Structure formats: structure tokens, C-alpha cells
Amino acid sequence: MVDRAAEGSAGAPFEMEIERGKVYEFASAIKADHPAYFAASPVAPPTFLTTTFFWEDRVPGANPWAAVKMDQRRGMHAEQEYEFFGPPPRAGTKLTCRSTITRIFDKSGKRGGQMTFVVMETEFVDAEGKLVARAKMTGVETAPAPEGE
Amino acid sequence: MKPWGEWRVGDALETNHLGEVTRTDVVRYQGASGDMNPIHHDEPFARAAGYEAPLVVGMFQAGALCAWAAGIFGPERTRRARIRWQARVWPGDRLVFTGKVTARHEDAGESRVEVELACHKDDGELCVTAWMTFAGPPA
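As you go down the protein sequences, you meet chains G and R in turn.
Using this note's numbering, the first residue of the first sequence is number 1, and each one after it goes up by one.
Using this note's numbering, the first residue of the second sequence is number 1, and each one after it goes up by one.
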């Protein structure tokens, strides 16, 4: 069950470096074949920043999603957005990242059940302090089944 | 590649038949992305959670769809990708990517092309909708 007190929770900042081999590996895994992803200084594919998984888990308190306490049996990834304030980052770029639970809200589902949406935003800032990208993840928890539980 | 200035509202992207998604594709994507949720590769775990099989990671088909479109316009031109999942994908499903240009405008001194993308299964079920923005030199 989503804990509404998590709204506004901010994680500790964590570092992430865009690495050449990691971009090759990720681009291959999503069957992308554009040469820009396999260049000497490859550009990150549109959804590459999802690889924060490897970096935030090393920093205690970096991931505020834990505070949401979403029931994983009823939770899913509803929407994801990446916004870039210039070209997407290239290999060699060092980013400082910070995630915040920005919004928790309810909506009625098509079949009448209540759904709880949780939005987490992550900002990616480069070594010069410039905002490079913003990721916005929307998770949804559906109402418990009428029977059981 | 079509020159940047020649894209018009209503233009369709050439359809991409990604083909069958295999369990190996899922394992490879999980290793590459760092999302190791067992529901996507551990059969007993997925069955215990009520699924008939491990389901494909939504970010796999979404990432493939967006990188395909970015490859058409130029990956460095990507400014935005918004993804909405519509249906689950299972290993063995065959995926088809389509897209069309929905708008052209100027923003922050750049020309922008807006694109709407869709990932369907080959039986017609819609799995992912995505909206992307690409930026180029002023018109």
C-alpha cells in the first residue's frame, strides 16, 4: 500500500558516468544499430538513463522510491519520460543525479477501482552545473481485489 | 536518411519489424539495464506471482521503439521521449514499430519535429505508445 507521506521525499545525490562500453552494451540489448551509439564517443540512447540502477544502489538513501512502499504484486510502470535540454549525454559525461517523489494522486479505474499513481523525478546535472536531463517515472498501484486480502 | 528540412506533418516512418522477442533478449536487456526483477526471467517466481510465464521488461520494447525512431532522425537530435505502456509483452511475441510526424514548430531557437510512435504485436494488439521530440537547425 502506497504511503502518502512519501510525497516530497528526496533521495541523496549520486554520481553516474556515461561509459562507452555500457552504451554499446545497452544499445545492443535494445537492438539499436545506429552508428552514433557505437562511435568512439557514443551518444546515450533515449532510455539509457534507466541504468541509474547501477549507481544509485551504491549510495545509501539515494532512491526515495523505497519510501513509497508500493505493493509490488499490484504495482506497475505506467509511464516514463526523458527530457533532454540539449543533445543526450555522450560517453565520458559525469552526471550528478537526484531523485524526488514529486506527486502521489488517485484516479478511478475504468472498472471503478481506485488506482494510486506515484511520480518520481530524477534530475541529471553535469560537471559545469548544467541541467542535462530530467527523468519522470510514473508507477501505479491498483486497488486490492474485492475478495481475498 | 531523409534531410531534416523535408519532414512534414503526416509523414510516416518506414515500419520496423523487430521480430520475435526471446528470453535471451530479456536476459540481455536486464543485464544491460540493471533491472534484475526476477519476474522477467525466473519462471517459478513469475508463476507464483500469477503469470503464465516471465513477462518481458516494459523498458525493453519501449527502449527499442525510441532508439529506432531516434536512429531515423539522428540520436543526437533527441530532446524528449514519453512512453506509455498499454499491454504486456511475452517471450515469443513478434513486435512491429510504426510512427508518424504529428507537428513541426520552433522552440528555443531550434526547429522541432514531434513524432508519435506505436509498438504493436503482429496480431494487432497495441503494447506501447510513445511521443518523441527531435531538434534541428532553425528552418
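If you are wondering where the hints come from, they were derived from the structure by calculation, not from laboratory data.
Fair warning: this is a prediction, and the values are worked out from it, not measured in the lab.
Please note that the accuracy of each hint is not assured.
To be verified - Restraint ranges, calculated between C-beta atoms of paired labels, are given here: (1) G/Ala67 with R/Gly5: 43 to 51 angstroms; (2) G/Gly129 with R/Arg47: 19 to 27 angstroms; (3) R/Met36 with G/Glu15: 30 to 38 angstroms; (4) G/Ala143 with R/Gly5: 29 to 37 angstroms; (5) R/Glu14 with G/Ala5: 45 to 53 angstroms; (6) R/Lys100 with G/Glu15: 36 to 44 angstroms; (7) R/Glu106 with G/Arg4: 15 to 23 angstroms; (8) G/Glu123 with R/Glu125: 14 to 22 angstroms; (9) G/Ser108 with R/Pro137: 41 to 49 angstroms; (10) G/Gly75 with R/Gly109: 26 to 34 angstroms.
The beta carbon of each residue, even a glycine, is placed where N, CA and C say it ideally should be.
Hint by hint, here is what the structure shows:
About 48 angstroms separates the C-beta atoms of G/Ala67 and R/Gly5, a value consistent with the hinted range of 43 to 51 angstroms. Distance hint check: the CB atoms of G/Gly129 and R/Arg47 are about 49 angstroms apart, inconsistent with the given range 19 to 27 angstroms. The supplied range of 30 to 38 angstroms is broken by R/Met36 and G/Glu15, whose beta-carbon atoms lie about 21 angstroms from each other. Here the CB-CB span from G/Ala143 to R/Gly5 is close to 50 angstroms, at odds with the stated 29 to 37 angstroms.
Distance hint for R/Glu14 and G/Ala5: a CB-CB separation of about 49 angstroms, consistent with the stated range 45 to 53 angstroms. Checked against the hint of 36 to 44 angstroms, the C-beta distance between R/Lys100 and G/Glu15 comes to roughly 39 angstroms, which is consistent with it. Evaluation of the 15 to 23 angstroms hint for R/Glu106 and G/Arg4 yields a failure: the beta carbon distance comes to about 41 angstroms. Between G/Glu123 and R/Glu125 the CB atoms are about 35 angstroms apart, so this pair departs from the stated range of 14 to 22 angstroms.
Take G/Ser108 and R/Pro137: their Cβ atoms lie about 46 angstroms apart, and the range 41 to 49 angstroms holds. Checked against the given bound of 26 to 34 angstroms, the beta carbons of G/Gly75 and R/Gly109, roughly 41 angstroms apart, lie outside it.
The structure is inconsistent with the numbered hints 2, 3, 4, 7, 8, 10, although it conforms to all the rest.
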